[in-house]
Amino acid sequence: MTQTAEAPLTPPPMLDERVVRKSPLARLLARPEAGALAGAIVVYVFFFIIAPSFRYAVSFSSVLYVTSVFGLMVTPVALLMIGGEFDLSAGVAVTSSALCASLFSYEFTVNVWVGVLVALALSLFIGFANGWIVVKTGISSFLVTLGTFFMLQGINIALTQTITNQVASPNISNIAGFSSAQKVFASSFTVAGVNIRITIVYWIVFVLIATWILLRTRYGNWIFSVGGSPQSARAVGVPVGKMKIALFMAVGFMAWFTGMHTLFEFNTIQSANGIGNEFVYIIAAVVGGCLLTGGYGSAVGAAIGVLIFGMVEQGIIYAGWNPDWFQFFVGLLLLGAILLNTAIRKRAESAR
Amino acid sequence: MTSTTENTRDGTAAPPLVRLTNAGKRYGSIIALTDITLEVGAGEVTCVLGDNGAGKSTLIKIIAGLHQPSTGTYEVEGERVEFNSPREALERGIATVYQDLAVVPLMPVWRNFFLGAEVRKGPRLDIPFMKKTCKEELLAMGIDLRDVDQPIGTLSGGERQCVAISRAVHFGAKVLILDEPTAALGVKQSGVVLKYIIQARERGLGVIFITHNPHHAYPVGDRFLLLNRGRSIGYFEKGQITRDELTGLMAGGAELEALSHELESAGGAAAEAGHEMEEEVQELGITPGAESDASVGHD
Chain A
8 MTQTAEAPLT PPPMLDERVV RKSPLARLLA RPEAGALAGA IVVYVFFFII APSFRYAVSF
68 SSVLYVTSVF GLMVTPVALL MIGGEFDLSA GVAVTSSALC ASLFSYEFTV NVWVGVLVAL
128 ALSLFIGFAN GWIVVKTGIS SFLVTLGTFF MLQGINIALT QTITNQVASP NISNIAGFSS
188 AQKVFASSFT VAGVNIRITI VYWIVFVLIA TWILLRTRYG NWIFSVGGSP QSARAVGVPV
248 GKMKIALFMA VGFMAWFTGM HTLFEFNTIQ SANGIGNEFV YIIAAVVGGC LLTGGYGSAV
308 GAAIGVLIFG MVEQGIIYAG WNPDWFQFFV GLLLLGAILL NTAIRKRAES AR
Chain B
5 MTSTTENTRD GTAAPPLVRL TNAGKRYGSI IALTDITLEV GAGEVTCVLG DNGAGKSTLI
65 KIIAGLHQPS TGTYEVEGER VEFNSPREAL ERGIATVYQD LAVVPLMPVW RNFFLGAEVR
125 KGPRLDIPFM KKTCKEELLA MGIDLRDVDQ PIGTLSGGER QCVAISRAVH FGAKVLILDE
185 PTAALGVKQS GVVLKYIIQA RERGLGVIFI THNPHHAYPV GDRFLLLNRG RSIGYFEKGQ
245 ITRDELTGLM AGGAELEALS HELESAGGAA AEAGHEMEEE VQELGITPGA ESDASVGHD
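Line by line, the protein sequences are chains A and B.
Taking my numbering, the leading residue of the first sequence gets 8, the next gets one more, and so forth.
Taking my numbering, the leading residue of the second sequence gets 5, the next gets one more, and so forth.
None of these hints come from the bench; they were simulated from the model.
Please read these numbers as outputs of a predicted model, since none were measured by experiment.
A few of these clues could be false.
No more than 27 Å apart at the CA atoms, straight line, and that leaves these computed lysine-lysine pairs for DSS-like [said to hold, decoys possible]:
{"#": "1", "chain 1": "B", "residue 1": "K125", "chain 2": "B", "residue 2": "K65"}
{"#": "2", "chain 1": "B", "residue 1": "K136", "chain 2": "B", "residue 2": "K65"}
{"#": "3", "chain 1": "A", "residue 1": "K249", "chain 2": "A", "residue 2": "K353"}
{"#": "4", "chain 1": "B", "residue 1": "K199", "chain 2": "B", "residue 2": "K178"}
{"#": "5", "chain 1": "A", "residue 1": "K143", "chain 2": "B", "residue 2": "K65"}
{"#": "6", "chain 1": "A", "residue 1": "K249", "chain 2": "B", "residue 2": "K65"}
{"#": "7", "chain 1": "B", "residue 1": "K199", "chain 2": "B", "residue 2": "K65"}
{"#": "8", "chain 1": "B", "residue 1": "K199", "chain 2": "B", "residue 2": "K136"}
{"#": "9", "chain 1": "A", "residue 1": "K249", "chain 2": "B", "residue 2": "K125"}
Just chain B, with the same shape it has in the complex:
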């Protein structure tokens, strides 16, 4: 149902908000990222999936303006850019919401919301205006806070992420980079964050959603970039891949199978778990062969 092809957005002639072409990054002798191509347009969600150490953080840092790519090009709205700081990226409307770095826990919600971009009347803060705006912006995102004066640390993890997202939206972000916004959250809270991602998309923002969870990525994503060891192992439009294929690719079929054999040979309860895992692998249709088949679909 969700996998029906709907590439209508690609019909527009406007260049994508963000486009990386064959981007790579080296830190001295370490190659962190090789040959990555990715794009996100207005009203689209591009998901970047990968396990720990796959190169997701490096990719974020390039898009957010913390690092420049060593190879390849970075374009914003069709124009080639070389950002020297996150501030410059922000000026072009590219805002990053980091998983743990989003807020200062002991400060009130409204102070966090306007931190670094305080509204002033002369030298003084315009506190009534900021409190009102903060409350309204959060309400527009569907977060109905009791009191914007409470320390943001008292909010739940999902709500905190959402405050950070609505803050970025309020300050004119065109592209949101969300760094594992659901990683530390429970099922329900993750759902809340996914809802806000969809809301941001509806408002015409481009979203780059970094995650290692295909179940979170699939329902909201328009494009999926899969990373492994600093390389792309697949770049798909939604119509080109099913949820199970995505899950299978993410899990890394061959590795999972090897793991199940290892567990089985250990005997006892581990063998049982290994057997179950093997069944799961077969169910998902992820064998080494299937993986290379899927890679063919990459364009």
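Just chain A, same shape as in the assembly:
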């Protein structure tokens, strides 16, 4: 009663006297990114102390480069995970796309841009097929994409072998259109004497777009709802199937984008590339606070997750350790992140 009478006196209408103004720190902790951010700071400080060469801007630029190449894929994989699905074929799909563009341009001797577009169509189709099978059959995406993972892996290696008699695609650097494509997908520029790879820019842009979609458009609402409770979403008219297929296709699109970067960076593609990367994407998303069961997470969190991954990978090299330890640390990171996320999510859910 009293607060309805007093309501006009308080200028911002959304405030309620029963809501204690939380400190900025408490509000930050309630966000999905919180755990990842804390982890990123710890990892950064750790390598900053232990590896002197890690401190240089040049080193950090290369950390960011490694991060961005993975990060391009982590962003849609995180959205897909928030939407309640997995894509285990995401790693090899990058290679499939790159091989497709490369072999198509080379074998038909056409401008590489033609190959690039064919690869885009293929990647979108792979995403669509994954999504369509998952939606139509209701089979877990874990199983469906495990199947496509092996299929793509087999196609990548076998088809490359059949066409080129080698395990890698031929060098396409002297085919028409290569230099312009390289400018788009694999160039770099210099800021204050530090070389910045263009993928870093793309990565940040895509993370921002994904964040905007998630939080400021209805599609974002729908992504959270199809992951959080598909039946509820369907009951209020959200096109659950279309949304999931769109998310798989977004993974396909970014697989194409990443594949094009790899292709124009190295001119040639190893057909066995990309195996295992799907786990990196999923780990980064989970470390970044995305819930494995869907319905919760953020693109920024996943970006921080992949930054941790990049820092650890490069940090171990700068620290002069045996790189074989890398896998161990990634596993440790994942386990720690899951424990931390579980605790944080429980707090977020009970936080009033």
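Fit chain B to the supplied structure of chain A, relying on the hints for placement.
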């Protein structure tokens, strides 16, 4: 006191919002529902009572537009309809609030409220407007939330149902189908939901209230449809039946009596329970004979 006849609403000439006439549903060789007649008008609550497996879910699915009746007719405001999806039913103002499917727990209250019908400014969500509207609509229903940004999973079960109800009302529902809204709730929370059902009725909505609890149905209902094994075992106006008769019919007098005999013959504590149950059965006046008497009153 409550059982005094008040059929004043029936005096109006307007056709009921929803009317099912002799509706039935078969799934292949399985007959899920036979010969069901039911109606609900504006400002009325029609209660559908029945135990598990009585055919309540099938009935909801027909009214909500998920299924079409195999036999009989379905009319909305006097006009015959054949819905192919819940969306079409929704367009005619028939909204269903499911017991567990109402909300996405991890999403904020306001996002849940507008899910599937987001208000936009160009491509962007109009977040301040939606938060404000959500808070106001909930307040109109008597739910005073501290913060519409909290995940809806942090609300109590009753509050969650009410958010779903007020959402349906906000988006222009004329008829609300409530699927066991009180089933998973405690006594107090059930009371809260019943209050909102009355509130919805006062606002001129038709409510179809599905429940297996006659004590929840009787105080709010204007009509009662009792289902058993896919058939109607009674369709009453409020004035035609007392709470005890309703309870007795719901319990299925004969079955209850058989159960009490069974318990008594088991001896010991079970016999004691059986005896108590028999007393209860007699108190309620539910014997096989009484049940058939009550069925006569069905029109």
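How the hints compare with the structure:
1. B:K125 x B:K65: 35 Å, violated
2. B:K136 x B:K65: 33 Å, violated
3. A:K249 x A:K353: With a Cα-Cα distance of about 31 Å, the restraint between K249 of chain A and K353 of chain A is violated, given a limit of 27 Å.
4. B:K199 x B:K178: It holds: about 18 Å lies between the C-alpha atoms, which stays within 27 Å.
5. A:K143 x B:K65: With Cα atoms ~22 Å apart, K143 of chain A and K65 of chain B stay inside 27 Å; holds.
6. A:K249 x B:K65: 23 Å, holds
7. B:K199 x B:K65: 25 Å, holds
8. B:K199 x B:K136: 23 Å, holds
9. A:K249 x B:K125: Between K249 of chain A and K125 of chain B the Cα gap is close to 23 Å, so the pair holds against 27 Å.
Hint check: violations occur at hints 1, 2, 3; the rest are consistent with the structure.
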